[in-house]
Amino acid sequence: MTLYNDSETNSQKNSQKHANHDCIMTLGSHCSLQVLKGAKDEGFQTLLICEEKRVSLYKRFRFIDKLIVVNNFKEILNQGFQKNLIDLYNPIMIPHGTLISSLSMDDIEKFKIPIFGNKWILRWESDRVLKQQLMIESSILPPKQILSKNDIDGLCIVKLHGAAGGKGYFLVSDKKSFEEQAQKLIESNVIISEDQLFIQKYANGVPVYLQFFYSPIENELELLGVDRRYETDIDALGRIPAEFQMSSNLEPSYTVVGNIPIVLRESLLPEAYSMGERFVDAAGKLVPPGMPGPFCIEGVYDNGANFIAFEFSARIVAGTNLYVSGSPYSDLLYDVPMSMGRRIALEIKKAIKSSKLGLVLT
Amino acid sequence: MTLYNDSETNSQKNSQKHANHDCIMTLGSHCSLQVLKGAKDEGFQTLLICEEKRVSLYKRFRFIDKLIVVNNFKEILNQGFQKNLIDLYNPIMIPHGTLISSLSMDDIEKFKIPIFGNKWILRWESDRVLKQQLMIESSILPPKQILSKNDIDGLCIVKLHGAAGGKGYFLVSDKKSFEEQAQKLIESNVIISEDQLFIQKYANGVPVYLQFFYSPIENELELLGVDRRYETDIDALGRIPAEFQMSSNLEPSYTVVGNIPIVLRESLLPEAYSMGERFVDAAGKLVPPGMPGPFCIEGVYDNGANFIAFEFSARIVAGTNLYVSGSPYSDLLYDVPMSMGRRIALEIKKAIKSSKLGLVLT
Amino acid sequence: MTLYNDSETNSQKNSQKHANHDCIMTLGSHCSLQVLKGAKDEGFQTLLICEEKRVSLYKRFRFIDKLIVVNNFKEILNQGFQKNLIDLYNPIMIPHGTLISSLSMDDIEKFKIPIFGNKWILRWESDRVLKQQLMIESSILPPKQILSKNDIDGLCIVKLHGAAGGKGYFLVSDKKSFEEQAQKLIESNVIISEDQLFIQKYANGVPVYLQFFYSPIENELELLGVDRRYETDIDALGRIPAEFQMSSNLEPSYTVVGNIPIVLRESLLPEAYSMGERFVDAAGKLVPPGMPGPFCIEGVYDNGANFIAFEFSARIVAGTNLYVSGSPYSDLLYDVPMSMGRRIALEIKKAIKSSKLGLVLT
Chain A
1 MTLYNDSETN SQKNSQKHAN HDCIMTLGSH CSLQVLKGAK DEGFQTLLIC EEKRVSLYKR
61 FRFIDKLIVV NNFKEILNQG FQKNLIDLYN PIMIPHGTLI SSLSMDDIEK FKIPIFGNKW
121 ILRWESDRVL KQQLMIESSI LPPKQILSKN DIDGLCIVKL HGAAGGKGYF LVSDKKSFEE
181 QAQKLIESNV IISEDQLFIQ KYANGVPVYL QFFYSPIENE LELLGVDRRY ETDIDALGRI
241 PAEFQMSSNL EPSYTVVGNI PIVLRESLLP EAYSMGERFV DAAGKLVPPG MPGPFCIEGV
301 YDNGANFIAF EFSARIVAGT NLYVSGSPYS DLLYDVPMSM GRRIALEIKK AIKSSKLGLV
361 LT
Chain B
1001 MTLYNDSETN SQKNSQKHAN HDCIMTLGSH CSLQVLKGAK DEGFQTLLIC EEKRVSLYKR
1061 FRFIDKLIVV NNFKEILNQG FQKNLIDLYN PIMIPHGTLI SSLSMDDIEK FKIPIFGNKW
1121 ILRWESDRVL KQQLMIESSI LPPKQILSKN DIDGLCIVKL HGAAGGKGYF LVSDKKSFEE
1181 QAQKLIESNV IISEDQLFIQ KYANGVPVYL QFFYSPIENE LELLGVDRRY ETDIDALGRI
1241 PAEFQMSSNL EPSYTVVGNI PIVLRESLLP EAYSMGERFV DAAGKLVPPG MPGPFCIEGV
1301 YDNGANFIAF EFSARIVAGT NLYVSGSPYS DLLYDVPMSM GRRIALEIKK AIKSSKLGLV
1361 LT
Chain C
2001 MTLYNDSETN SQKNSQKHAN HDCIMTLGSH CSLQVLKGAK DEGFQTLLIC EEKRVSLYKR
2061 FRFIDKLIVV NNFKEILNQG FQKNLIDLYN PIMIPHGTLI SSLSMDDIEK FKIPIFGNKW
2121 ILRWESDRVL KQQLMIESSI LPPKQILSKN DIDGLCIVKL HGAAGGKGYF LVSDKKSFEE
2181 QAQKLIESNV IISEDQLFIQ KYANGVPVYL QFFYSPIENE LELLGVDRRY ETDIDALGRI
2241 PAEFQMSSNL EPSYTVVGNI PIVLRESLLP EAYSMGERFV DAAGKLVPPG MPGPFCIEGV
2301 YDNGANFIAF EFSARIVAGT NLYVSGSPYS DLLYDVPMSM GRRIALEIKK AIKSSKLGLV
2361 LT
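Protein chains in written order, with the working numbering: chain A, 1 to 362; chain B, 1001 to 1362; chain C, 2001 to 2362.
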């Protein structure tokens, strides 16, 4: 572990008692710049766990007070490492997508450094069955499931049970094309029978990501931003004339490379807020202590302007990086530029002031 | 009528004389958050007419001083209701898309509470023949009309005379496909003969919405923002491979669910401003007192970068919700974050100061 | 030459000695509003060379101190004109896309008014062979070249050697379609043989433009914004159902009409910065004094999230117009709204203060 940007000596730090949490830390990826910028704006010390190869990036930003270099994020699981950080900085860890993809759920749940939000709910985000259960409890409707290939009527998406991300997905429009594709998978030994395939009605509509923050301190839900993902190469497909799509054997992928800002029709906000509230309620019921902090409901609006959810994220999402200096929605609520990262820091500050840290940390 | 967020007692209010207009009101939908936030930023009292089902949304925003709950927006047509509001608050009503879709033009024209802008021009926005007349007077060119099916040469859009929104529209690419589609409509008794169909050249190009504000006080036109709509499911169509579009019998719709920010090439601004000025001039000629306040010209840029207009809105549009804290265009003109809603309030303030309210109210 | 907005008399101006550069000028197009707004925010006088037909546009903006009207931008090549400007204002010229397209490289290189950045590198942007050389030196990979029609395997783009912009480009997906298209060009006497055609693998992925600023004063590179272009009518193609694309003989064009803001996945930033640094290094080696000031690397992210560059711009690009009041990236670096135009002015100010103007002017 190497320290950069560190003006104090270790002995000074060791002698300092962190009676309170005055340091916010996160892993160097995903939304860490926004998170630490926001933390600094709210008066916190900031600490970044940074992989060697990314030091040159993160050294550029003055709002990062301490840069702790690791070869691999898994090093933070070391008990001595964690104890050391707690002794030195008594930090609060902000979880994000890279924490989830770098560590196992067991590891996160055993983490000694306090984690902002509900670390137990991260498992529900990662596990397809638990995720489905939480969505149903929230009355947030996933795309319709097709139970038999005989019921395929119009565009459907077919997934292998247990497949992750967008891998192994394919589209079909009728029973015949389903059977052809399934046959190919059987012949190439990917599956043994059609029963291993899961058919869902294709959720046809424009993608929308709703960025929420729930404050257990204020008992209030805030919609702080809306975006859509920018995915390669599916979002480039429309730039290829149909004739060449047909003759080119393209197999589009859904790899996220960025985000595009959007605002919603104001008349869609009541249902958006209602979805957020149902999610907070359901989380409180199924996964105590519920859903303190940022989360995101992800789906499409269909041609009737109904929201069809296909995912949630039970922590800050990267689409919030659009709004480092506030969004059209946060600007309706706050007089200062309020990013999601800053909102997290503000909640911690409020929790400290009102001695309610227990409500926002796990 | 129920009042929320109301710190003063009614008796206090009744005793208060509103010699001047210090209250801005609107209906709770469309762009009301932006409008009332802007009004508050310019120092006005704010009042929202809110449907019961949306109270929980609008109670979240501190810049809304009074929330008046109705079961249906039509209740504001009640003479006693209006008189009551005038006595209590002497408000100015900001019209927007929901006002137009909730009330008839006759009702709006008879409204007793003063309306910001020109309420008479709203009829020209809603009536296809008047709209066409105003566009031609402005030399803002709509897509070319095809007078005979024999002249169909390339992609065309076919509309039923009198159809609203995007309903009943279909695309054709040659005489044969026109005849086939028309035959279907005849067989299903939607039309009696092909003569009821109106053929327009398909305006092929990228959609662009130009958000203007014309100040009769300063006699100046301002381009305050540019956006494009985010429409379901047409804007998701490109994410479906051509092969599946062909086999899936999709019938795309054009339902607006949001907006995406854009900036224009600077070299397109002179013609954009010129269109805006021609529209203001034409409105002044055909529909006195013309076009005070916000309006929008809506169309596409074709492959020669020529603007083909297909619509205008003679009032604030929802795309301005992107710019609650200003746009790249308003930031060139103002030192404070100037949303369209705030610009409206600023104009009212200037009108009050210079005793020219008559120029901005009808 | 006519002066507008000019409160001082000429005699006053002539008597004034401009020991230092306190005036920033540019041509009225492309990104001139942003550039002069930024210059004004940093305390400079601002001067715009404006074509007669655009005076009515540029007179609207109060941050433009002097408007010098010409019939044609080529008038600025007149030696007397330049001498006059130097005597009166001693300005620094900010080059942009319109300067490059209006003047020849020879003319720009002989320009007497000092130009911000490296005027010699503009030739490398305009010349396809030099451009390729600089990209290879930077290890910024262009799309794969296909040396023989027999190697066409999947979607390719075919260009005429020497063709500019997107003109004369066409897509092919196999040897047969290549031969058919080539035959058409031969029959219409556009080419004599297939050898005149240049085949490139189609760079399939979502377009991304990386807006950089390199400071020779601070010896630091900054990523100040990210956008994608909004091109007509290719970006409208996805809104036309495949069936009608097939039957309508569309020939999409790639005319830029605007820009859309995006943010990148944070994990893509290290490679983005690395590309920028390699470009700065390569420019320093091949075209002294290198790459002071703004530049842009333009390409797509493919389905492996690898960046395939197809262009660079060695000066400010129009996509920066999105960020008149700062971007999510500049907001991480600066406490004030820092547009690219303002960043240029700030660099000039720093150069003046540290007597290092030689590092940023040519």
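It is worth saying that the hints were derived from the structure and are not from the lab. Ideal Cβ placement from N, Cα and C applies to all residues, glycine included. Certain hints may be false.
For the chain B half of the interface with chain A, some residues (derived, Cβ under 7 Å), not all of them [said to hold, decoys possible]:
#1 1030
#2 1232
#3 1253
#4 1259
Okay, the hints, checked on the actual structure:
At its closest, the beta carbon of residue 1030 of chain B sits 5 Å from a beta carbon of chain A; the interface hint therefore holds under the 7 Å criterion. Annotation: interface hint on residue 1232 of chain B holds; nearest CB of chain A at approximately 5 Å, less than 7 Å. Proximity of residue 1253 of chain B to chain A holds as hinted, the smallest CB-CB distance being about 4 Å (cut-off 7 Å). For residue 1259 of chain B, the interface hint holds, since its Cβ comes within 7 Å of a Cβ in chain A; the closest pair sits about 5 Å apart.
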